[in-house]
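Undergrad: Two chains, two frames, a set of hints: combine them into the complex.
Here the protein sequences line up with chains U and Z, keeping their order. Per numbering that gives the first Met the number 0: the first sequence = residues 0 to 236. Per numbering that gives the first Met the number 0: the second sequence = residues 0 to 117.
Quick caveat, the hints were computed from the structure, so don't treat them as lab data. One or more of the hints may lead you astray.
Said to hold, decoys possible - Some chain U residues close to chain Z (C-beta under 10 Å, calculated; not the full set):
(1) G130
(2) L142
(3) A171
(4) E173
(5) M195
(6) V200
(7) P203
(8) F207
(9) Y212
(10) V217
(11) R223
Quick caveat: nothing in here was measured; it's all calculated off a predicted structure. For each residue, glycine too, the CB sits at the ideal point set by N, CA and C.
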Amino acid sequence: MKRGTMAGVLFVTVFIRAASFGGEKVSGPFSAAEKGPDTFSPTGAGSTATPEQAARDALAGFEKGNGDWKARMEALVRLAKIGPEAAPVLAEALTDTPPATRELAAQALVLFADAKIKPALERALADPKPGVRLYSILALSMLGALPRTEENERILTNDPSGFGVRPLMAAALERADRPNLAELRKTLAEYDLKNMDSARVGQPAPDFTLMDYTGKKVRLSQFRGKTVVVRFILFDY
Amino acid sequence: MRDKEKEYLRRDVQPLLVMAQYPFQLTRPKATGSADRWNKWPHAIPAEVLFDPLSTASATYGVAFQTQFRGNNNVWSSRPAIFVIDPKGVLRHVDSRRDQDIREEGIFSVVDKLQDER
Chain U
0 MKRGTMAGVL FVTVFIRAAS FGGEKVSGPF SAAEKGPDTF SPTGAGSTAT
50 PEQAARDALA GFEKGNGDWK ARMEALVRLA KIGPEAAPVL AEALTDTPPA
100 TRELAAQALV LFADAKIKPA LERALADPKP GVRLYSILAL SMLGALPRTE
150 ENERILTNDP SGFGVRPLMA AALERADRPN LAELRKTLAE YDLKNMDSAR
200 VGQPAPDFTL MDYTGKKVRL SQFRGKTVVV RFILFDY
Chain Z
0 MRDKEKEYLR RDVQPLLVMA QYPFQLTRPK ATGSADRWNK WPHAIPAEVL
50 FDPLSTASAT YGVAFQTQFR GNNNVWSSRP AIFVIDPKGV LRHVDSRRDQ
100 DIREEGIFSV VDKLQDER
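Next comes chain Z alone, as it looks inside the complex (with noise of 0.2 Å):
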């Protein structure tokens, strides 16, 4: 995501990331040994971080109660997607996976097309 914020930023995109779980459930536990690993993740993501454990804004855009990784041995997470909306507030662009994360790089493409047109 590092790699991708003066991509975000030279286009003056505002990247929402929302998680349909409860922010306790991202601390990484001591238990888990792997501290060290996340502490040497890049601080700097251009991105805000939002929270819908509820799943409300998630079934509102269609993606709610769809992935459950592993054989049913996790929590219900929303189906990953990527939402465009222009600066007018009108969604222009979706895409959507069943079980995987979609990276950015397909996004700035059509973030240029759109703003191409502007």
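If we strip away everything but chain U, and leave its shape as in the complex, we get (with noise of 0.2 Å):
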């Protein structure tokens, strides 16, 4: 790991045990345990395509485009729209398509995780590609801490991707929160697209509302009055 790398996922760490902000406290999506049926299932106005339909259209609309970082958000954007019936072609796809798709599949279904996927997931879990292995965990995580199993603790001492599955299955062993799953689809499929990458020099910075880890919602305009340095800082295990 690069040393710089390193130093950053460091402080964050521990900066986040110490955190402190006038934020707004509400219970956000990475702790609120699930609440209820998963009802959250735009259909997309104007569409006919039925949610199967419309979730192949999204994964192969991914596969035809070149595959960079706008096809990977609108692909995921139009899989939170369709809502959970999207979840049974994702898990079909994490089979027999190619890499980027299958990778693609897994991170969607980080959102989708419910029982029904979860022995698409464990399968997935045995993936050539180090990132459908790692975006399955993730997903499984999202139904809580992973079990000690025989192939999870083989996969936290032997799997060859030791600077990313294996510190990942190592935190999801230990998972202790439960996201609200819907909560984060809903925001996802209200992400207007035409936003991407519109942040330009000398215009007003584009505002956002993200969580800190405690669940505060901190809105970039609440600092209106201060210099703000804005960093996203690279997370390698």
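TA: Here it is as structure tokens:
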């Protein structure tokens, strides 16, 4: 690991323990327990495609595109708009599709984790592409801490991706929070793709609201009157 | 970062650190055996740490899903970048690297120049 990267992760991790900030305290998607049935399922106004077909179209669109970050974001937003009915298609796409599609499917399934797709995600833990294994672990962890099965212990100690899969498995085995997946999907589904890459020097900085470690919402514009340095930092185990 | 605390405070600058991951991914599991190392790190870090696991803020700032380390062995991360925003909310400076975090050293001179202009 590069020293700068490690340093970044180190100081973030320690700081979050002591973070104190005057933002609004909310019950956010990072920490809220799943409440009741998962009902958020926008159908996409004007679309006649079934949710399954819409999910296949989203994956096909990603495959046909150049696979850049905008294509990835667009596909994820489209899938979030479809809702939980996209999950079976995504689970199916974990096998017999190109590696980038399998990875995208696993990444999207992080927001669709439920008991029905758990077997598909567990099978994907053996995928040759580390990104698929990573997002499958992440998706499974959305259901709670992973059990210390023989297979999970094997991944923890022997997965070839020592800087990615193994540390994530270690964190997933001890995960304590239960994210509100419906709220996360809703947030992503409501993201306006026209806002992508809209920050320009000399123009008003695009506002955003994110959560801190404790679940407090923090909005960029609340710091108006001060110079703000926004630093997107690299995450690397 | 602790060394930079006075520099941020002296300039009345609010640093925001944005990570495109879930908070639990930052916990340092006992299994890694590095808890002591983490605990030794300075605690007084003058920054607000924000989480952007859906990459919505990262996408708006044009840095989403652009970095995977170690031959696709890692999760997608935002492209490391620093944005300096003046007190009126106008974006004044951008610095970005493909695969390397950006140190703050160069940012303070940018901030000083901005504040001198006011």
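Undergrad: Does each hint fit the structure? Answer for all of them.
TA: How the hints compare with the structure:
1. G130: holds, 5 Å
2. L142: Interface hint status for U/L142: violated (13 Å vs cutoff 10 Å).
3. A171: Nearest chain Z Cβ about 8 Å off; hint holds.
4. E173: This interface hint holds because 5 Å falls under the 10 Å limit.
5. M195: holds, 5 Å
6. V200: Status holds, d = 5 Å.
7. P203: holds, 5 Å
8. F207: holds, 4 Å
9. Y212: holds, 5 Å
10. V217: This hint holds: U/V217 lies near chain Z, its Cβ roughly 6 Å from the closest one there, short of 10 Å.
11. R223: holds, 5 Å
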